[in-house]
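**Student:** The chain contents come next:
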Amino acid sequence: MERSTFEPRIIGFLCNWCTYAGADLAGTSRIQYPPNIRIIRMMCSGSLDPTYVLKVLLEGADGVLIGGCHPGECHYISGNLKARRRVAILKSVLQDAGLEPERVWLRWISASEGAYFAETVQEMVDHIRALGPNPLKLEWAV
Amino acid sequence: MSRSFSVGELKGLDVPEAIRKFLGTLLESGAVKAVLVPKHTPANNMVTQVLVADREKLDGADPLAPVQMINAAHAVRELAKEPLEQNEGKIAAVLRPCEVRAVIELIKLKQILPDSLYLIGYDCPGVYDVKEYRDRVEAVGDADKVRGEVLEQFGNLKERKAEAAADPEAVLRGACQLCTHFTADSADLSLCWIGAEDHSLLVNVPSEKGEQLAQAMEGAAGLEEIREAPGRTKQIEAVRDRRLKAQEQDQVELLSELQACIRCYNCREVCPICYCKECLLIPAKMGYSSERYLRRAQKKGQIKMPVDTVLYHLTKMNHMASSCVACGLCEQACPMDIPLGRIYSRVGRHVQALFDYVPGRSLEEELPVTTFKEEELPQVEDIKR
Numbered sequence: 001m002e003r004s005t006f007e008p009r010i011i012g013f014l015c016n017w018c019t020y021a022g023a024d025l026a027g028t029s030r031i032q033y034p035p036n037i038r039i040i041r042m043m044c045s046g047s048l049d050p051t052y053v054l055k056v057l058l059e060g061a062d063g064v065l066i067g068g069c070h071p072g073e074c075h076y077i078s079g080n081l082k083a084r085r086r087v088a089i090l091k092s093v094l095q096d097a098g099l100e101p102e103r104v105w106l107r108w109i110s111a112s113e114g115a116y117f118a119e120t121v122q123e124m125v126d127h128i129r130a131l132g133p134n135p136l137k138l139e140w141a142v
Numbered sequence: 143m144s145r146s147f148s149v150g151e152l153k154g155l156d157v158p159e160a161i162r163k164f165l166g167t168l169l170e171s172g173a174v175k176a177v178l179v180p181k182h183t184p185a186n187n188m189v190t191q192v193l194v195a196d197r198e199k200l201d202g203a204d205p206l207a208p209v210q211m212i213n214a215a216h217a218v219r220e221l222a223k224e225p226l227e228q229n230e231g232k233i234a235a236v237l238r239p240c241e242v243r244a245v246i247e248l249i250k251l252k253q254i255l256p257d258s259l260y261l262i263g264y265d266c267p268g269v270y271d272v273k274e275y276r277d278r279v280e281a282v283g284d285a286d287k288v289r290g291e292v293l294e295q296f297g298n299l300k301e302r303k304a305e306a307a308a309d310p311e312a313v314l315r316g317a318c319q320l321c322t323h324f325t326a327d328s329a330d331l332s333l334c335w336i337g338a339e340d341h342s343l344l345v346n347v348p349s350e351k352g353e354q355l356a357q358a359m360e361g362a363a364g365l366e367e368i369r370e371a372p373g374r375t376k377q378i379e380a381v382r383d384r385r386l387k388a389q390e391q392d393q394v395e396l397l398s399e400l401q402a403c404i405r406c407y408n409c410r411e412v413c414p415i416c417y418c419k420e421c422l423l424i425p426a427k428m429g430y431s432s433e434r435y436l437r438r439a440q441k442k443g444q445i446k447m448p449v450d451t452v453l454y455h456l457t458k459m460n461h462m463a464s465s466c467v468a469c470g471l472c473e474q475a476c477p478m479d480i481p482l483g484r485i486y487s488r489v490g491r492h493v494q495a496l497f498d499y500v501p502g503r504s505l506e507e508e509l510p511v512t513t514f515k516e517e518e519l520p521q522v523e524d525i526k527r
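Order-wise, the sequence lines are chains D and P.
Numbering-wise (the numbering used here), the first sequence opens with residue 1 and increments by one.
Numbering-wise (the numbering used here), the second sequence opens with residue 143 and increments by one.
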C-alpha cells in the first residue's frame, strides 16, 4: 500500500491551565500521539491574537490547534468564550481570503483529558494529511 | 419612535440650500455653538470638513457634495476627545451615514465622548473618488452641477430607469456602489431628501437627543410634524435591493489583489475604526533583523519585499472588521488602487453577520469582540468549518 510521505506540521497554541496541562498529562501518562505538533504555551486561549495564527499559516504551517478550557472552566472566567468569537472572526476572514478555515481548530481540552488531547492530535493529523500540505508553503508573494 | 417634520422655511428651496438654511437656524437657536460640516474650499475644487461657529460662514457648506476627503469621524474624535466646559455648549456634527456609524463605533470604543455632540445625519447619494471628483469639477467647471448629477442619478428627481444600459453608479467609489446604509437611521437627527415630494427637505428625529434639538428649533424654523414621506420607504428599498444584489455578485480575488500592497499604512491611517495609539502592525514590530530576512529567503527560496503585506491586511481585518462601516476611505487612500473598499466591506459583512451585528446601528449593542454568549458559534468548534 502506498503511503503519503507528507507529514503535517501543526502549531498548537495551548492554554496554560487546561490544554497545556492536558498535553502534559498525555506525556506523563505515556499516551502515544503523533509528533507532528509543536506546542506554544499561552496563559489563556483568550490572549491569542489572531495575527499569530495568521503568521504561522502564511509561513506554511499545515494546521493550527487552539486549545482552551471547557466553557465555564476558564481560569480567567471567560477568556475561552472570547477566544471562540475571535476564532469565528478569523475563520470568516480566512474563508474570504480563499484560505482553508479547516486548518484552524478550536478545542476545549481540560487538564485531566490527556487521552482526549492525544486523540485530538491524531484526529487533526489525519484530517490535515487528507487535506494536503498548506498551499501557502510555496507562496512567496504573501 | 422616530418622528418626521417638514420645515416651513425650507419649502421650495433646493436640498443643499435647505440644509444650509437649516444649519443656520440651528446655530441661531443657540442649541449648538458650532457645526462641523463639509464645505467647498476657496479654490472650489475640493470639499473639506469645517467647524463653523459663525452663521455667516455657512456659505459654501455642502454636505451632499459627492466627495469625502476623510471619514469625518476622525474630526469628531478630535472635537470630542475631552469634555467641553459647561458654558461652551454643544457641537452638531453633520455627517454621512458611514460617518455617523463610525462615530457610534468610536463612542463604544471609548474614543469619543458623546455628551457634547449632536449627530446630524443625512441621506447620502454616494461619492466619487477624490481624483475623479476633482477631474469632474474641472471638466464641468461647476461643483453644483457635479453634485446635481449624482443626486439625479440616485433617482430622487427623476424616476430611475431600472434597466438602464450602463449603471450610472459605476463611477462612484467602490464602497458607495455597494452601500446599503445610505440613510442615517442612528443619528440624533436626520436630514432626508430621498422620496420627498417637490424636492423639500424633511427632518427625521430618531433619538431622544434629537428631540431636544427639534424642540429648540420648533418655533424658529417652523417645524411641522408630518407622516414620513410616502415614497421614501419604497425608494430606499429599491436602491437597497439593487445594491444587495450587487454585493452578492461582487467578486474580488483578495489574495491576488493584496499582492500589490506596498504596506504604506495609508489604509490604516484613514480608517476611522483603527484608533489604537500603538498598533501591533508598526514596521518595527513587523520587520526583522537583516539576518532573518536572509534566513527566511533561504527557507522559502524567495521572499517578497516588503514582507508580510498579506499578514498586515488579514490581521487588520481580524481587528476591525466587526466594526467596519464600509466607508471606503481605505480604497481612496490606496496608492496602488487595490479595491480595499470592496475587500474590507465584504469581509466586514461576513464577520458582522456571525454576530448579527451592524456597526453603528445602535449605541446599546455591545461590540462583538467585547462580549460573548455562553452558547453560540457551534460551527467554530466543528472541525469541518
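Simulated from the structure, these hints should not be mistaken for lab results.
Be aware that one or more of the hints could be misleading.
Stated by the list, open to error - Short derived list, chain P residues pointing at chain D, Cβ under 8 Å: (1) L221; (2) I233; (3) I368; (4) L396; (5) C418; (6) I424; (7) I445; (8) M447; (9) V452; (10) L453; (11) N460; (12) A463; (13) S464; (14) H492.
Unchecked claim - Derived CB-CB ranges, DEER-like: (15) P:R437 <-> D:I39: 35 to 45 Å; (16) P:Q354 <-> D:Y76: 38 to 48 Å; (17) P:K175 <-> D:Y76: 16 to 26 Å; (18) D:A141 <-> P:C421: 57 to 67 Å; (19) D:A141 <-> P:A388: 26 to 36 Å.
We put the beta carbon where it would ideally sit given N, CA and C, even for glycine.
**Student:** Run every hint past the structure and note whether it holds.
**Tutor:** Hints, one by one, checked against the model:
no.	hint	in the structure
1	L221	31 Å, violated
2	I233	34 Å, violated
3	I368	43 Å, violated
4	L396	5 Å, holds
5	C418	12 Å, violated
6	I424	12 Å, violated
7	I445	6 Å, holds
8	M447	11 Å, violated
9	V452	4 Å, holds
10	L453	5 Å, holds
11	N460	4 Å, holds
12	A463	7 Å, holds
13	S464	6 Å, holds
14	H492	5 Å, holds
15	P:R437 <-> D:I39: 35 to 45 Å	23 Å, violated
16	P:Q354 <-> D:Y76: 38 to 48 Å	42 Å, holds
17	P:K175 <-> D:Y76: 16 to 26 Å	46 Å, violated
18	D:A141 <-> P:C421: 57 to 67 Å	24 Å, violated
19	D:A141 <-> P:A388: 26 to 36 Å	29 Å, holds
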